[in-house]
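Model the full structure from these sequences, guided by the hints.
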Amino acid sequence: MAKQTSFFTSISRLYPHVRPILPRLVMGLLSALLASLMALAIPQVLRVLVNESLKPGGSAEAVWTASLVILLLGIAEAGLVALRRQFVINPATTVETRMRVSLYGHLQDLTVSFHDRWGSGQLLSRAMTDLNFLRRWMAFGAIMLVVTTLTVVIGVAVMFSMSWQLALIFLAAAVPIMIYGFRFRTRFSKVARRSQDQAGDLATTVEESVHGIRVLKAFGRSQEALENFNEQAQELRQTEIAKAKHLATFSLVVTLLPELALGAGLVVGIMLASTDQLSIGSLVAFFATAAVVAAPVEFCGMLLAMALTAKSAVDRHFEVMDARNTITSPDKPRRPAELKGALSFHDASFAFEDAPDKPILKNISLDIRPGETMALVGITGSGKSALLQLVPRLYEVTGGAITIDGVDLREFSVEDLRTVVAVAFEDTTLFSSSVRDNVLLGAPDAGPADSRDAALEEALDVAQAHFAYSLPDGVDTLIGEEGLSLSGGQRQRIALARAIAAKPAVLVLDDPLSALDVNTEVLVEARLREVLADTTTLIVAHRPSTVALADRVALLEDGRITAVGTHTELLATNSHYRYVIASLDTEPRDLDSELSAFEDRSEEISR
Amino acid sequence: MSSATFGTANEDNAHLTRTESKAVRRRSLALLGSLIRPVRARFWLTIGAVVLSQAARVAGPALIAFGIDHALPALRAGNSLPLAFAGVAYLAAAAATAGLTALYVTSTARLSQAMLLDLRVRVFRHTQRLSLEFHEKYTSGRIIARQTSDLEALRELLDSGVSSLASGLLFMAFTAITVFALDWRTGVLVLAAGVPMYFLARWYQKHSQIAFRESRVVSARLIVHFVETMTGIRAVKAFRKERENAARYAELSEDYRRATVRSINLNGIFQPGLVLIGNVCVAVVLLTGGFRVLSGELAVGVLLALILSTKRFFQPVDQMAMFYNSFQSAQAALEKVSGLLEEIPTVRPPQTPVALPYARGSIDFNGVEFRYGDGPVIIPRLDLHIPAGQTVALVGQTGAGKSTLAKLIARFYDVSAGSVTLDGVDLRQLTTEDLRRNVVMVTQEAFLFSGSVADNIALGRPEASREEIEDAARAVGAHAFITELPDGYDTDVNKRGGRVSAGQRQLISFARAFLARPAVLILDEATSSLDIPSERMVQQGLAGLLRGTREAGTRDTNPAGTHGAGRTALIIAHRLSTVETADRVLVVHDGRVVEDGTPGQLIGDGGAFARLHGAWKDSLV
Ligand SMILES: Nc1ncnc2c1ncn2[C@@H]1O[C@H](COP(=O)(O)OP(=O)(O)OP(=O)(O)O)[C@@H](O)[C@H]1O
Ligand SMILES: Nc1ncnc2c1ncn2[C@@H]1O[C@H](COP(=O)(O)OP(=O)(O)OP(=O)(O)O)[C@@H](O)[C@H]1O
Ligand SMILES: [Mg+2]
Ligand SMILES: [Mg+2]
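Line order of the protein sequences matches chains A and B.
Residue numbers are given in this note's numbering: position 18 of the first sequence equals residue 18, and the series is strictly consecutive.
Residue numbers are given in this note's numbering: position 281 of the second sequence equals residue 281, and the series is strictly consecutive.
If you are wondering where the hints come from, they were derived from the structure by calculation, not from laboratory data.
Since the model is a prediction, treat every value here as computed from it, not as a measurement.
There could be a bad hint or two in this list.
Stated by the list, open to error - Now the in silico label distances, taken between C-beta atoms and shown as ranges:
#: 1; chain 1: B; residue 1: Arg40; chain 2: A; residue 2: Trp164; range: 17 to 27 Å
#: 2; chain 1: B; residue 1: Glu244; chain 2: A; residue 2: Thr566; range: 40 to 50 Å
#: 3; chain 1: B; residue 1: Arg40; chain 2: A; residue 2: Trp64; range: 30 to 40 Å
#: 4; chain 1: A; residue 1: Pro23; chain 2: B; residue 2: Trp44; range: 41 to 51 Å
#: 5; chain 1: B; residue 1: Thr17; chain 2: A; residue 2: Glu353; range: 47 to 57 Å
Unchecked claim - Listed below are the simulated SDA-like cross-link pairs for lysine to any residue, each with C-alpha atoms no more than 25 Å apart in a straight line:
#: 6; chain 1: B; residue 1: Lys137; chain 2: A; residue 2: Asp476
#: 7; chain 1: B; residue 1: Lys22; chain 2: B; residue 2: Ala9
#: 8; chain 1: A; residue 1: Lys55; chain 2: B; residue 2: Phe180
A virtual CB, placed ideally from N, CA and C, is assigned to each residue, including glycine.
Spelled out as structure tokens, the structure:
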């Protein structure tokens, strides 16, 4: 998935983030440079001071001054070290935080289809590990890279001034290092990227193993999960070791070659000196400088590795940031003049992103009148949930249009649309906060606390979730992650209450009563009917009891709406509907006589 | 051991009392020690490589000196042998340095990766072992935080720490010896610099400890929030929680930033502080030495050498500061990890297990009482006998305690009083393997793991062949839709099974249980999201499985063939179509069994079940 971009293209993408702190980074750089100059200068100054002013029988004053000078230089060095941190730390962490927050914001904006594809461990590793690393690189790696390069360049220049022959020999070592450096770059980048991706996958596995712990325990498969995890962790370890091996080889090269060159330089230099083409003083000075240069050259392997890792962290970051949010608000959002809640599907089609040529929903045309309750019936996997999620634009139609009161969903601002439409999902997604927070999640913020309390009370009442008051801390009880400290039916009722508390014009309910017992279902339905009276509702139903809530029923078959009508009508006229919803008989039956029987019944009812 | 900090109890507190702090530090160090122990050989090898490479490095300048002092005059005298020796020796030293450097770089990585792998697997194994009770309180985000950002802190220490510490110490030791050899008084002065350094380090330790603890706490919070948002993204979007979330996340990020800055700033005082002490020491050496030079006690050359050595002595202090910094950070992280590892599962495997390879499947509740943690009593007192081979339906109002009862049989929780037995053996005396082979539960939440459909079904019995997997899918009526998926059984179902519909998820979960073929099968609302035709298919499959008619004995792993008599099944369902075929119905209310009998009997008795059944019949049309 990683396309290879050049180092500078990737790093330059940081520029907009870094620009505001650039002056401070430069100051930090200068401090670092000065500090290393200071460190270099102190021995030289010492030499001069000691040799010039200290002699047996000399003046005590000279000793004092010399000590003072050294002390001041020492303080300056420590001060500059501190200063570098002061300049860099705050801005670098600010950039890190800003990038983190914008990543999070962007992730929240991205479509549900995006999140379907991406494990949260991968996203998390981008938000934490990668950005932490980037910060450290900005505050330390990048600066040291510059300082080191400068030191080497200056050092080599000084070496040239002492003996061009020897300097050339030394420089000759640079050529193979450069060539090897290129190879190192491509190889190391690849492994660095792989290790980051694997670490993300590992985090995803951890996440799944914890969320799926009930299944793993129920089947006693913790051992298998552990083996699987172990395998993945081993892979990561292999990658990390491969990474270290690349780095080790590179370190080998950058340590060995300059030293080899120096060895050769030693022999040549002594030969030159023996024929007096080179003074001994220069020879000594040359090697003294070489010693100063060699250390940063060795260091550059590590710094380069850091830079390359930073590059792939940047790549990973922008891989997510570049993903476009396809479900956005229009420039000039519209809203129906009067919100009545007429929901219409006009020839709407939908295909999932990963199977664009196999639409799940084809040419759906359906009109739901304001205040009407429409049930959606179809076999498992027929696309009911997909259709429902089109309404709050969690997924986007791939053809045709959906309108509310004549206004295309895409003309609403997304936020407004989701105020108009509220959903209860089939798998209840609750958050680990209090019952109150969960229920009032989508409730209008405005208004005094009492009105929110009243909304809470009413929603809980409609959903028959009175149990919430008898929880240990009442409605302020924390319900644990995903509400798993509640029973299945309790969870579902909280989710239903949440949709009701949002007081939407259009309510979308995905099989909201599946986990309820028959008695509770009856109670919920009775109360729900009152609420639904003036709310347009689209409700997925698997049971006749749920269908009973609806004014009309739409039958979804092979991705199309094949019939719309009342329950009795469809029961009488549509064999597929009977197949899906009628549960009494298992034997194949004589449809004709049955039809007449149904007709009799419906006559009875209408009488 | 102070109980306040035991395990994860006081995890969010960064400001611990002295004794608490000592206790958590001790356990954190113990964890580090236990990680190093298995890899000590490599540890010493790495240190050895570092030391040797330092030694080889020192040889270089010595050879240059030899070259200039001896080889040059010799060459002038016409003897090129010393020069050749110097050249060759220099190259050998260079090769040794480079080789050893490469060795310790890889060796460090191997060492650190081995320790990380060990810790990762340990944490993973332990979290799998911990009981559900723990997981309900300790959110998944925290476990992920432990496994990611805490381990990252340890990794930083391991990657840079070992070699810099070893080479730094060695370097300082060598230089100190040189200084002492030159002049012991200066040596004492240099050592005296250790005193303020020690106090500075103490100060740093005390403050950075708090800062790092804080940063661990805050980063865990950040991760928890992040993970929860990403897993609940649909609800976040549908209920427009984005803005509120973004504000909260920004706040947490800022807290995290502040904690980070605080710890870095502490280091920003500590490290320059050490440099400063070193530099002051140099000035003092110069001062005292200068006066001795004046009085003729000390040669100027020696003073110069002394000062330069003193300066050099303090060079690695930088690295040491860095090491100490990452050490503190890693220690804070390990405090949290060791706390997690210290947690004791409430549902524990037995000390002296009773072997029960193939249970017949009779279940008894003897005076069972149950509450979740220290919450209200959910099951007051229950005595119940379910003979082997019986199909029992559990019905009752939502929240009545049906799932709780089922979870007790699957030993997700241990009873608060009394006992649950399988074939007369207390569940607490069964090994996990025996228990899970004999008792399998399909939970109310159909959870799929990302991976192929086949993998998900195979979770029921990992050694099953593809054919068996397909048979299981066929038996529950899932085969048709699976083959229609783009890659059939190899289709990736995506995170949490998002690629398939809710009903399809249930079918796959069901196939899983089907494949497992346990003696006791528990189905908790396993068909609630299915349409009626699929439900009917499942019921047929289930009937076959329970009666043992479907390929009885042929694929069963049970050589005794006791399964021929059928399996014990506990079925929880609100749709009573499943219940009608049961041998026995238990009506649960407030954790008590209020009615018990065959469906026919109960309907005849006109009690709660009869009413429920009536209501259900009415709901069908
Ligand atoms: N992300 C996805 N990519 C591709 N196909 C998908 C995706 N999600 C679901 N599908 C497929 O789309 C079809 C419709 O799924 P949907 O969840 O809408 O079904 P449903 O009618 O709600 O079923 P159920 O009654 O079981 O909830 C299914 O066959 C499913 O396999
Ligand atoms: N993990 C838990 N921690 C604390 N309390 C719990 C936990 N799980 C369930 N409860 C409580 O125990 C009671 C019984 O729950 P249980 O899940 O057994 O009900 P149920 O009969 O299965 O209901 P449903 O039909 O809704 O699934 C409920 O009041 C519930 O709130
Ligand atoms: Mg669905
Ligand atoms: Mg339940």
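We went through each hint and held it up to the structure:
Hint check: B:Arg40 to A:Trp164, Cβ distance near 51 Å, so the stated range 17 to 27 Å is violated. Between B:Glu244 and A:Thr566 the Cβ separation comes to about 42 Å, which falls inside the hinted range of 40 to 50 Å. Taken as a hint, the range 30 to 40 Å is violated for the pair B:Arg40 and A:Trp64, whose Cβ atoms sit roughly 52 Å apart. Remark: the range hint 41 to 51 Å for A:Pro23 to B:Trp44 is upheld by a beta-carbon distance near 48 Å.
Distance hint check: the CB atoms of B:Thr17 and A:Glu353 are about 55 Å apart, consistent with the given range 47 to 57 Å. This hinted pair checks out: B:Lys137 and A:Asp476 have alpha carbons roughly 16 Å apart, not beyond 25 Å. With a C-alpha separation of about 16 Å, the suggested pair B:Lys22 and B:Ala9 falls inside the 25 Å cut-off, and the hint holds. Pair hint A:Lys55 plus B:Phe180 holds up; C-alpha atoms about 23 Å apart against a cutoff of 25 Å.
Hint violations for this structure: numbers 1 and 3, all remaining hints satisfied.
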